[in-house]
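Construct the entire structure; sequences and hints are all you get.
Chains A and B, in that order, are what the protein sequence lines are. Every position in the first sequence, counted from 1, becomes a number in the numbering used here once 2 is added. Every position in the second sequence, counted from 1, becomes a number in the numbering used here once 2 is added.
A few of these clues could be false.
Remember, identical chains collapse to one label, so a pair may be satisfied in a single copy or spanning two.
[To be verified] For lysine to any residue, the following SDA-like pairs were computed, each having C-alpha atoms within a straight-line distance of at most 25 Å: (1) K137 / Y151; (2) K214 / R224; (3) K302 / E312; (4) K214 / T227; (5) K214 / D225; (6) K76 / L198; (7) K302 / L164; (8) K214 / L297; (9) K39 / A93; (10) K137 / Q243; (11) K157 / S300; (12) K298 / S253; (13) K27 / S288.
Worth flagging that the hints you see were computed from the coordinates, not collected in a lab.
Protein chains: 2
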Amino acid sequence: MIGSSLSRLLLIVCVAVLPAAAWAKDPLPSWKEGANKQAIIAFVTAVTTQGDAFVPATDRIATFDMDGTILVEKPQAVLLEFSRAFLAEVARKNPDLATQPYKAMREKDEAYFGTNLVEVITSAGIGMSEEDFRKAIRSFANTATHPRYAVPFGKLFYAPMLELIDYLRANDFRVYVVSGSTQCFVRGVAREATGLPYGQLLGTQIALYYYKGDFTRSGTFRDLTTVSAGKPLIIEYQIGQRPIFAFGNTSGDQDMLEYALGNQTYRSLALWLDHDDAEREYAYDSGVKDVSGLLKVSMKNDFARLFREE
Amino acid sequence: MIGSSLSRLLLIVCVAVLPAAAWAKDPLPSWKEGANKQAIIAFVTAVTTQGDAFVPATDRIATFDMDGTILVEKPQAVLLEFSRAFLAEVARKNPDLATQPYKAMREKDEAYFGTNLVEVITSAGIGMSEEDFRKAIRSFANTATHPRYAVPFGKLFYAPMLELIDYLRANDFRVYVVSGSTQCFVRGVAREATGLPYGQLLGTQIALYYYKGDFTRSGTFRDLTTVSAGKPLIIEYQIGQRPIFAFGNTSGDQDMLEYALGNQTYRSLALWLDHDDAEREYAYDSGVKDVSGLLKVSMKNDFARLFREE
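Structure below.
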């Protein structure tokens, strides 16, 4: 009984003391001071503090898009960069492969790539095991370098966004990446940078075959592509809870952002990253529609630094 | 600095004291003493104790079948019990509905039900929102009663299995239900008893439509039914990690059990529940093949009691 009372007392003391101590210093040092940083911290503080806006830990769901939201997506999505490099290697090793997309690969046929993105994506890794393919992706992320930054693609996750993910997780949010890229690719490329388990890295699924412990990749999508309405759908299928926090950057994230914003049970926050910083990154319009309550984050004005290794 | 040192000290004390105190008493009181109970406790102790068999908390994945493993499945699966009750109510309220399965419902056509299980299951809730349908399921689980036990179906989860789920969760396992029943049904019926969030209650998915915050049920499966190879497949799609612990009871669980048993990275444990207790429940052969390492749990000899409210 004494042991039990002691442990209960210690538990109470721990719960009371630890959270305050954990964030005594700035949780988002790569963010410039300003309205957006304040809004994020105010939101997290409100939903984690007993009071009107409190949200139980089990309901603190946060969803992030990947390409262009937490990872550089220019001059082309990293999935495309990888798929082309992967197929080029297959074409090089198998000079007799005369079918597409290998023929286009050999002939550097840009027109083919421009109009056959789905075939390029689904052809890479066809017939391979999921595990071997994930290893190939991870190896690519650690070695292949970005044409502009000349560092491996795996280093091109935005430092402010990784800090935000860490900050949310430290406040008992369950954070998911909900990407339009293929799920195996998201798992291979984002696991190390985000620290999230595979079950929280979601994307468009390639249909798999199962036999005696191995998953073999088919050459087609399982069903939905996880862009636009596909994002709320994969959230419902795999999470089953409405996010209270969402972050995106393109029109393909609009449905997910509005889904979080429309949360009727809890206060919610949704943001999108505006790529307005040609000097440090790229400047482009990605078609997000401004709707009431949606916050625009400016890379130029809100990001103190872009990458961890600067 | 003093606050920080104090909290660090308290954290260390908490980590050191709490787990020991938490399981000082029997974690599985509804299990009879015996080889199976010992094997479970020895396994959990081994994978959570620093040493050769230690498994990091993030890799402690456990998967349970639902019907017949944690929930009574006789005289018929609870999903069928529910679907028929649901359709009977639709038929009653809409006397003009002359198509199937409503006609069969009205005529109590058992032959139709016997050969059209998929249509019965997919027809229930067609056109409804997922949320409303889940509420209907939960209401059924709390009010409709089992023909033999005369208590609501939601009370017919086996006490020893709920204890086992709690025991694993207290030891930082991530526990999933991987059922062949439809996912919305699993979420509706098992959430309260197991305490697991929707994202850890998996099953055969009905294809959904999304529009402005609402998910509407179609009348077809999304794709795979989560039995046999469908269980490892949904585990790979939604979890992406190989279980170290699995529990089933029928041939439809065999692939999942062998998938866990074949874990090459960590020690694993897989068990199946043999329904050999006609006196307290039902006695039937559910076709599990004995393979090396797979443990058979006898309801008659291993379960001290069946239900929490006995």
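To test your reading of the hints: which numbers does this structure violate? Going through the list in order, the structure violates hints 9 and 13 and respects the others.
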